Amino acid sequence: DSGVTQTPKHLITATGQRVTLRCSPRSGDLSVYWYQQSLDQGLQFLIQYYNGEERAKGNILERFSAQQFPDLHSELNLSSLELGDSALYFCASSSELAGIDEQYFGPGTRLTVT
Amino acid sequence: AQSVSQHNHHVILSEAASLELGCNYSYGGTVNLFWYVQYPGQHLQLLLKYFSGDPLVKGIKGFEAEFIKSKFSFNLRKPSVQWSDTAEYFCAVNADDYKLSFGAGTTVTVRA
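Sequences listed follow chains A and B, in order. First residue of the first sequence: 1, per our numbering; consecutive thereafter. First residue of the second sequence: 1, per our numbering; consecutive thereafter.
The hints are simulated quantities; they were obtained by calculation from the structure and are not laboratory data. Fair warning: this is a prediction, and the values are worked out from it, not measured in the lab. Don't take every hint at face value.
Calculated lysine-lysine pairs in the BS3-like style (CA-CA distance at most 30 Å, straight line) [said to hold, decoys possible]:
1) B:Lys71 / A:Lys57
2) A:Lys57 / B:Lys49
3) A:Lys9 / B:Lys61
4) B:Lys71 / A:Lys9
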């Protein structure tokens, strides 16, 4: 158990819908990262927040957005869902701002878009 | 932007065999290097990491990796694998931004 929790574990929804994935980082970690893992794209970095502020953006679509709340939990919002958005979405946390520290990964949320 | 390539997509070997997984990255500056493992149905876990110092890094579960700067490589090794090493292995690089760039992963299947 990494100490990072993600809910829900599984999510099945239809195209065009909107979903919210939730992540709680390890106690004391200020950085939260979101990743998408799919068969064709591999593990792709989406976005990072540090203490409530966006710090880095990766291959995140405009239909996707995220935020980190004062209690440091983070939510990833996916809208206008397409079949290709089906993937495993991981959240990770670390204690540092810069990415030199180990990132601790959550168990992931498996999103299936039908 | 940095990129990471892992040479092998799928490796199949028998217990007690030696394992070496290749990882190369494309970035000319200072990098931090990681190997993560994902056991079936589980989350990614850190095996080992290199920031600076001795280029031969020892990690958990008997794994080690060697950083060769001139070859832009960070290969993972284990002298004698066990059935429980069956997993997917990811090499990751962090350069001077905040994100980790992952390789495509190598699936390792160890046969008893």
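Hints, one by one, checked against the model:
1. B:Lys71 / A:Lys57: 29 Å, holds
2. A:Lys57 / B:Lys49: 23 Å, holds
3. A:Lys9 / B:Lys61: Holds - the C-alpha atoms of Lys61 of chain B and Lys9 of chain A are around 28 Å apart, at most 30 Å.
4. B:Lys71 / A:Lys9: With Cα atoms ~40 Å apart, Lys71 of chain B and Lys9 of chain A exceed 30 Å; violated.
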